[in-house]
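S.K.: This is what each chain is made of:
Number of protein chains: 6
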Amino acid sequence: MKVKKDNNLPKTPTGVSGLDEITNGGFPKGRPILICGSAGCGKTLFGIQFLVKGATEFNEPGVFLSFEESLNDLSQNVKSLGFDLAKLMAEKKLRIDHVHIERTEIEETGEYDLEGLFIRLNYAIDAIGAKRVVLDTIESLFSGMNNLALLRSEIRRLFQWLKEKGVTAIITGERGEKSLTRQGLEEYVSDCVILLDFRVIDQIATRRLRIVKYRGSTHGTNEYPFLIDETGISVIPVTSLSSSHTLAAKA
Amino acid sequence: MKVKKDNNLPKTPTGVSGLDEITNGGFPKGRPILICGSAGCGKTLFGIQFLVKGATEFNEPGVFLSFEESLNDLSQNVKSLGFDLAKLMAEKKLRIDHVHIERTEIEETGEYDLEGLFIRLNYAIDAIGAKRVVLDTIESLFSGMNNLALLRSEIRRLFQWLKEKGVTAIITGERGEKSLTRQGLEEYVSDCVILLDFRVIDQIATRRLRIVKYRGSTHGTNEYPFLIDETGISVIPVTSLSSSHTLAAKA
Amino acid sequence: MKVKKDNNLPKTPTGVSGLDEITNGGFPKGRPILICGSAGCGKTLFGIQFLVKGATEFNEPGVFLSFEESLNDLSQNVKSLGFDLAKLMAEKKLRIDHVHIERTEIEETGEYDLEGLFIRLNYAIDAIGAKRVVLDTIESLFSGMNNLALLRSEIRRLFQWLKEKGVTAIITGERGEKSLTRQGLEEYVSDCVILLDFRVIDQIATRRLRIVKYRGSTHGTNEYPFLIDETGISVIPVTSLSSSHTLAAKA
Amino acid sequence: MKVKKDNNLPKTPTGVSGLDEITNGGFPKGRPILICGSAGCGKTLFGIQFLVKGATEFNEPGVFLSFEESLNDLSQNVKSLGFDLAKLMAEKKLRIDHVHIERTEIEETGEYDLEGLFIRLNYAIDAIGAKRVVLDTIESLFSGMNNLALLRSEIRRLFQWLKEKGVTAIITGERGEKSLTRQGLEEYVSDCVILLDFRVIDQIATRRLRIVKYRGSTHGTNEYPFLIDETGISVIPVTSLSSSHTLAAKA
Amino acid sequence: MKVKKDNNLPKTPTGVSGLDEITNGGFPKGRPILICGSAGCGKTLFGIQFLVKGATEFNEPGVFLSFEESLNDLSQNVKSLGFDLAKLMAEKKLRIDHVHIERTEIEETGEYDLEGLFIRLNYAIDAIGAKRVVLDTIESLFSGMNNLALLRSEIRRLFQWLKEKGVTAIITGERGEKSLTRQGLEEYVSDCVILLDFRVIDQIATRRLRIVKYRGSTHGTNEYPFLIDETGISVIPVTSLSSSHTLAAKA
Amino acid sequence: MKVKKDNNLPKTPTGVSGLDEITNGGFPKGRPILICGSAGCGKTLFGIQFLVKGATEFNEPGVFLSFEESLNDLSQNVKSLGFDLAKLMAEKKLRIDHVHIERTEIEETGEYDLEGLFIRLNYAIDAIGAKRVVLDTIESLFSGMNNLALLRSEIRRLFQWLKEKGVTAIITGERGEKSLTRQGLEEYVSDCVILLDFRVIDQIATRRLRIVKYRGSTHGTNEYPFLIDETGISVIPVTSLSSSHTLAAKA
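Protein chains in written order, with our numbering: chain S, 1 to 251; chain Z, 252 to 502; chain F, 503 to 753; chain C, 754 to 1004; chain G, 1005 to 1255; chain W, 1256 to 1506.
If we strip away everything but chain S, and leave its shape as in the complex, we get (with noise of 0.2 Å):
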C-alpha cells in the first residue's frame, strides 16, 4: 500500500509507523481525532507517542492534558520506548498538564466546567506553540452527565474549540459496551475515529486497529493488526483482498 497524499485535506504524520499508509498521509491538520478502546489497548501510549514524534521529528510541539495519571507516572511508563519526557519538556517540546478534578469541582449535576479548561489549554498550548494536543481521557470530563442532548453540545463544544485553536488533537475514549464510546456519541461527532481492540481468541490476544471514520480522506478500512514493543506502536499495513476505501464527507 502506497501513501496517496489527498492534495485538498492537510495532514499530519500520526508517529505510528504504518499508519500513515493507511490514512493515506497521516491524521487531519488541525481537527480532533478519537482513539478509543477498552482498558489496556494502548490508548495512552498511543497519545504519547503522536506527541514524542510530533516534537522530535516533525517539529510539532505538543500538550498532554493528562487526568489519569501524573508526569512523573508518565515519564516512568514511557523511558523503556526511549521518549525522554523531562528533556522534551525543558526544549519547550512538550508540555503535561495534569489535570486534578476534585470532587467540589464536579457539581450536583455531575458536569465539569468546561471553560476553566479552555483556560489553562490555551495556556498551556500557547507557552510553547503547541500543534499537537493529546486529551486523556474524555470520560474524565463528562462520565457524569446523563442528559444526551446537553452532553452533545459540550462534546461539540469542546471540539469546536480545539479547531479554533489549530491544534490536531487526540482525545483518547473508554470502550462502550455495545457502541464504540462509552456514550456512544462521541464517535458521532469525530471528524476522524480509531478503534483499538486487544481481543482475545483462544487464549491467544491480538491488537487490532480500525479506521472507523476520516471525514474528508480516503483511508483503509479494514482491521489491520498492530504491535507494542520496544520501539512503541506500530501498524503492519497488510493488504488484504478487500480494501475498500471511503472519501466520506461526514458518517
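Some chain G residues judged to face chain C by a derived CB distance under 8 Å, without partners named:
id, residue
1, Q1080
2, S1084
3, I1208
The hints are simulated quantities; they were obtained by calculation from the structure and are not laboratory data.
Only a predicted model underlies this, so the values are computations on that prediction, with no experimental measurement involved.
Where a beta carbon is used, it is the ideal one built from N, C-alpha and C, also for glycine.
With chain S held as given, fit chains Z, F, C, G and W onto it using these hints.
M.R.: Structure of chains Z, F, C, G and W alone, referenced to chain S:
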C-alpha cells in the same frame, strides 16, 4: 435490473449511481427520507451528494442544515470528490446552514424548540427556491427527549412541515442498539428508510445499503454493496437470486 | 390446503390471497386482530387491502383511522395497486380519518384520552355503516404510558369498545425488542395476532407471515412466505411437513 | 410410561391426555399450579379444558375467573371442541366470572386490592362447591406493582388463600424476557410450574410442554410435544432416552 | 475420587450422597453455604435433606426457616422420600419455623428488619441445640432493597450472625439473570457456593451441580450430574479428565 | 519464557510462581494493581499469597484490609497452604485489619468516607513498615455510589493515596456483567490489571489468568492457565504461538 418508473408516485433522482435502479426511479418527490447508520457509514456524504447532484444535474437547488460540521469543514471534506460547495452556494444552487444549538436553547426537558428551526429552514428554502433539504442529524434535535409519546409527536411535526413545504428531504439518523435508529421511532414515521451498513467480517470491511421501507413504490429489498471512492457513493444494483419487491402503502 | 370453515366462529374474508386458507376462513368476525412487525414489513398496506377488498368484494364498508399518514399520502401510496381510495370514499364504502395528536392532547403522563377517540370512531363507523376498522398504529395512542397496569387496562378498554361496536378491526403494532410488540402486552390481550416478518439473510430479504394466535379457531401455525407486488399482499399457504393446528380458546 | 401414583401426595387428574402419565397421576390436589407461556401457547385453553374435564369426568365443579375474555367469547372459542360452557353453567358444574378491573381500581402504585377478589372468588366457589379454579391471568392482578418485596408477598397471599380454600387452582402467567414469567417470581412461589412453549424453527412451529417444577412428586422432566386439535390439548408422553425424575420438596 | 479430609478446616457431612467426596469431607462446619439455582432445581429439597440427614445420621439437630412453604406442605412434599418431619420435630431433632412476612413488616424501602429474625432464629436454635440451619430463601428477606451498599451490609450482617451462633447454615438463593444470584452479591459474601442447574438440551433435561466457591478447602471444580429420586438427592462424583482443585481463601 | 527485567520500572516479585516471568519481573513497585474476577476465582487467596510471600521471602511486610472475612476465617482458610498468619502477625510482618462498615457509616448517597480509611490504613502501614497492601474488595467501599463522575474521582483518590504512601497494593474487584469490573471504571484508572477467570466448558472447569494491562512494562498478553493446589496459586507461563507483548504507557 432495469429502471421501471412507477407512474403514480412522483420521484426525483437520488444522485447516487445505481440507487435509482433499486428504487425504481429515485426518492419519493416531496417526502422525507431517513438515512440511518453507525458512525463512519457515509450518511453525511450521502446527503451532500444528494444535494450537489440535485443542484448540478437535476436543477433542484438544496439546503443543507448542519448541526455537526461547519461550512468550511464540509467544503474541505468533499473537495476531493470534485464537489465545489462554495461555487454552488455563489450560484444560489446550494445553501449551507450551520446551526449551533446552545446549551441555553436546550430546556430542562432536553427539548429543542422546533418553531425556531422552521423559521430558519423556511427562510433558507425560499431564498434559493430549494427543492431538496438535508437535515444532519435528527439526534441533534431530539436526543434529550425521554417521553416517547412527545418525541413521536415532534418527529411527526417535523416530517409534516417538510412535506407541506414540498421539499424532498433527507434526514440522517444514528444507529440504535437494537433498532435502526437510536430511539427506534423514526423508521416507523418515515415514508422511506435507507440503512447504510459498514460491517467488518474477518478483518475485512464492507459497505452495504438496504432499502428498509419505501411507502408507495416497488423497490429492491436485498442488501446491495456500495462504494465510497473519488467519485462519491455508488451502489452496485446486483440482481441476486431472490428479488422480492414491495409496493407498500406503509409498514 | 383446503379452506375448512369452522362452523361455530363467524369469520370474514381477509382480502389477502392465501390467508383465508391458513386461517380456515378468514379473520374472526367482529373481533380485533393485531398485525405486528417492524418498519417496512407491510402493516399499513395489509390494513388498506383488508378495507379495500372488504368494501369492493365482500360488501363490508370500512374506516381507516390513520395517526401517521394523511389521506393524500395513503391514496398515492396504493394507487399503483389499483386501489382508488377517493372513489371508495365517494361511494361511502371507505372512510379515512387522519388523526393529528397534538402535543397538548398528550397529558403529563403521556396518556391519550380514549373517550375522544371513541366518539370520533363511532361517528365514522355509523356514517357509512362500517363493518371493518383499521387503527394504524396502536403506538400512536399508548407510547407515552409507563404504568403497565394502566396500559393493559386501556388496551382492554379499546378492544372491548371495538367488540361491542361489532366491527372486525385490524390494529397495527410496532415490533418490540424482545417481544412481538413494543410493550409486550398487546399480543396477550388480542384474540388474533399476525406477525409480519421482513428478514435479511445473507443479503437476501424475505417476507414471512405467522399466525401467532387465533382464539377459537384452528389455523396454520408455521411461517408462510408472502409477497408484496403490483396486486398487493399475497400469502403462499405452503403445506409444509408439520402443520400442527390449534383450536385455542386463548393463550 | 406407566402412571405410577405417589401415595402420599393427593392428586387430581389434569384432564389433558398424556399429562397424567408425565405427572404420575395429575396435579397436586388443593394446590395452585402455574401455567406459563407466551401469547398463543394455549394457556387459556389449558385452563378451560382442566375445568370442563373436571366437571364432566371427575365430578369436580370449577370456577373460571377471567380478566381478559368475556363469557360469550370464551364459550364461542371452545364450542368447536365440544365444550358447552353454557350447559355446564346451567348444571352448576361451572361458573365463569369475568372481572373488569377499572382504572379507578388500580391505585397510584398500580396495585389491585386482593381482598375484593377473595370475597368474589369465595362466593363463586361456594355457590357451586367448586374443587377447581382457573385464574386467567396473574398479570391482570399484579402488572402494576414495582416493589418486588411487596409483589412477592401479594403472590404468596393469593396462593395461600387458594390453598386454604382447598381448591386445585391453575394460574396462568405470561412469559418473561429472561425468566419463565414476566416478573420472574411466580415460578419460585408456586408448588407446580408448567411451561407451554410454542417455538418456530426453520419456519415450522412446534408446541412443547415442560414440567419445570413439581413439589412433592416425581415427574417427567423433559420437554414433551403437545397438540391442540379438535379434541383439545393432548400431550405425547414420549419416553425419551434420559428420563430423570424429581421428587422435589421445593426448588 | 477418594474423600481426603482437610485437617485444618472442620467439616460436617452434607447428607447428600457423593457430595462429601467432591467437597473433600462435606460443608465447612459453622459457616453459611449458599445454594442457588432456578425454580425447580431442588434447592429446598437439598436443604431439607441436609437437616434430616444431620438429625438422623450425624446427631446434629436442625432448624428450617421457611418463608415460602408451610409445615404441612413441607412434610407432605418429602414424605415419599421417607423423611418424617413430624417425628423428627417431636424428637426435638428438627424445628420448622414458617415465617409470614406481612406487608406491614416491609417498610417503605422494602427492607425487612433483621433483628426480629435473629431473635426468632436464636430461640429456635437454642430450643433444640441446633447445629444446622436452613434459611429458605434469602430473596424473602432482601428482595425489596435497591441500595446495593446497604444490601451488601445486611447480607454480611446475617452471615456474621450465623457464624457467631456457630451453626452450619444453608441459605437458598434464586438464580439471577446474569449472575449466580438475583442480586449478584451473595456469592461474593459467601464462604461456600453451590450452584444447582436444571438444563434442557434437545428436549432432554439434566441436573448438574457445581461448587463455585469453597473458601479454605480443596474441592472438585467441574460440573457433576445429580439425581433426584425416591431416596432424595445424590451427586455422581465422576472423575473427569481435568479435575483442577482449589484451596481458596476467598474469591 | 525468560524473565527479562525492564530496567526503568522498579518491580517487586508477585509471590505467584510463573507470574514473574509473564510480567517480566513482577508487579510495578509502589503502584496499585487490580485483581478482578467472579466469585470463586481466587482473588482473596491471590492477595494473601502476595503478602505472605512478600513477608517471608522478600522482606516486605504487608497489610491486609479485609471487608469480608474476619481474621480467624482468613487464618483458617489458608492454614492448609502452610501460611501461618498468626505467626507472621506476631513477627510484625503482617497486619490484618478487618473493617466492619456499619450501616450508619453508609450515608444516604451510599458513599463511604475515604478519609477514615486513610487514617486507619496509614496507621497500619506505619506500624509494621509495610511495603505491601491488599484491599479486599473495592466493592465494599464504593458499591453504593451511582454518580460515575464522583466514583471515578474517588477511585482515583484512593489509588493516588496508595501511590503517595509508596506501597505496592493489590485491590480486588468483582466481575461486572459486561466489563471487567462491576462498575467498569476501575480497570481504566489502574496501572496494572489482572483478570482471574474460572470458566466451565463442557462440564470441565479451568482457571485462566490474563494481564489485561500493565502500564510501563512489557508483559505476556495471552491467557495463561493457573492452578490452586496445596502450595497456593501458580501460573503456567506457556509460551504459546503468538506472544505479542506490550509496553504500554497506559491504555
